[in-house]
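Participant: Sequence:
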Amino acid sequence: MLSPASCGHVESHRPAQKEAENCIIQDDEEDWQKESAKMANIYQNSYITIAATGSAGPSEGLFSKHPKTSISGVFRDGTEYQVHARPVISHMDEAQFPLLKRGWVYQERLLAPRVLHFGRQELWWECLEMVQCECSGIMIGERYATGQEKFLTKLTHQAALSHSELPFVSRRWHAIVEEFSQLGLTKSRDKLPALSGIAQQISHMREGIYCAGLWTDTIVTDLLWYRLDPSTAEHTSKWRCPTFSWAGHDGPVRYFDAPHVPDLPSLCIMNDTIKTLIMNYLEVTEATSRLVSNNAFGEILSAHLLLKGRLAPIRVVDARSLSDSSTSTQALSRRIFRRRRRGQAKSNFEFQFDQGDEGAPLKYSFFADFDLHSADAEFTREKYVLLRTAQDQYGNEYALVLKCIELPQGICERVGLFTPKFSSWRSADHADLYNLSFAKAGEPRELKLV
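Counting along the sequence shown from 1, when you hit position 11 you're at 11 in our numbering, and nothing is skipped either side.
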């Protein structure tokens, strides 16, 4: 329980140190690039961070007013009594913690060794070893997906950092991307800078080079992000990141190997069910990014991947325009509906192989990176290819859906991810056509993904 006595204990053990300051000259781009790169060190080397977690803006401050309730009465023997009460504190209500929805706060919270949160109803404390609130209502031993996972972000991160094996480090990074992608940023260009401190921290645990939110030592696995709902990703004409990066658009993303619902208190960091790729169909020969500043984890000017892989020509269609009389479409719609109820998938787009039977072409749903129709009403006229990417230990195939920008030069953009895990692929005909399509592709082709 938090009390003046415990705060005094913290104060008595505080080492003598100078107060850290981080001042940025307003509207000075060069100063912003320089100073924003220091934020990771400032929070990581702080002693304690005070967070106005219950405040929706700078005008609200740290403190909130609490209604006082008292109940008075008289016992049978004539003795008067008075009971003081307070409303039940809701730890599940996201509206009580508006600060936690901000993207910049995410890394500040994870990097700081200790954070004292001023909520709207109580204080709560989190450090590298524990999390506690005034009412003791945060239940660490409960199931993760009970609405209290926001309190466990820091503990989960710290537990993950204790495992240096690359599969666990990679899995942790994917979980970070998932959590961060759900948060808001005032300026969309801050997508990479707002995560640069954590990226720098993770870089000490791996040998790969950071490239636009991905890592070269797990580049194929890092490419396998997807969006549950393409309508949540706003397509912008202003370039921010390459299309192969999850940071290229706003909106939540997911990875198949990220721990969505781990059990506590182990936090499922050591989990034998981590999906690993047993077969890579891609050969990545180059991953390059051009930086805005000398911050290797910050904003970028350009980036690309050079790779070799097998391509199959496809036609992308809008599933919303398909006839309801199609049996395969009805089956797919029912499956998508069931997946959506479980929070797993939503797909409005499908593709067909050019080698399919023109009378009854087989259709495959895929995860679009954004709403293709809103970005280009005539998107079905574009040329697309399917790039066979990888297979995991459960036999699930993964392939990138690419739009051809300059096909003779091999320049493509990513527009989605395909896996039969959530598609209408249920028959041998589908599997045979899938394999045959790539068998006809011949030798692997060189591509430039931008």
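Where hints are given, some of them may not hold.
Stated by the list, open to error - As a list, the in silico DSBU-like pairs of lysine-lysine whose alpha-carbon atoms are at most 30 Å apart: (1) K440 <-> K403; (2) K308 <-> K238; (3) K65 <-> K34; (4) K187 <-> K308; (5) K150 <-> K65; (6) K101 <-> K34; (7) K238 <-> K101; (8) K238 <-> K187; (9) K65 <-> K38; (10) K448 <-> K238; (11) K38 <-> K101; (12) K68 <-> K150; (13) K403 <-> K308; (14) K38 <-> K238; (15) K187 <-> K34; (16) K383 <-> K308.
Since the hints were made in silico from the structure, they are not lab data.
Participant: For each hint, tell me whether it holds in the structure or not.
Facilitator: Verification of the hints:
1. K440 <-> K403: Roughly 20 Å between the alpha carbons, so the hint for K440 and K403 holds.
2. K308 <-> K238: Roughly 28 Å between the alpha carbons, so the hint for K308 and K238 holds.
3. K65 <-> K34: 39 Å, violated
4. K187 <-> K308: 35 Å, violated
5. K150 <-> K65: The given pair, whose Cα atoms are some 23 Å apart, holds under the 30 Å limit.
6. K101 <-> K34: 25 Å, holds
7. K238 <-> K101: 24 Å, holds
8. K238 <-> K187: 12 Å, holds
9. K65 <-> K38: Cα-Cα ~35 Å, so violated.
10. K448 <-> K238: Holds, because 20 Å separates the two Cα atoms, which is no more than 30 Å.
11. K38 <-> K101: 22 Å, holds
12. K68 <-> K150: 28 Å, holds
13. K403 <-> K308: Within the cut-off at roughly 16 Å; holds.
14. K38 <-> K238: With Cα atoms ~27 Å apart, K38 and K238 stay inside 30 Å; holds.
15. K187 <-> K34: 17 Å, holds
16. K383 <-> K308: Roughly 19 Å between the alpha carbons, so the hint for K383 and K308 holds.
Hint check: violations occur at hints 3, 4, 9; the rest are consistent with the structure.
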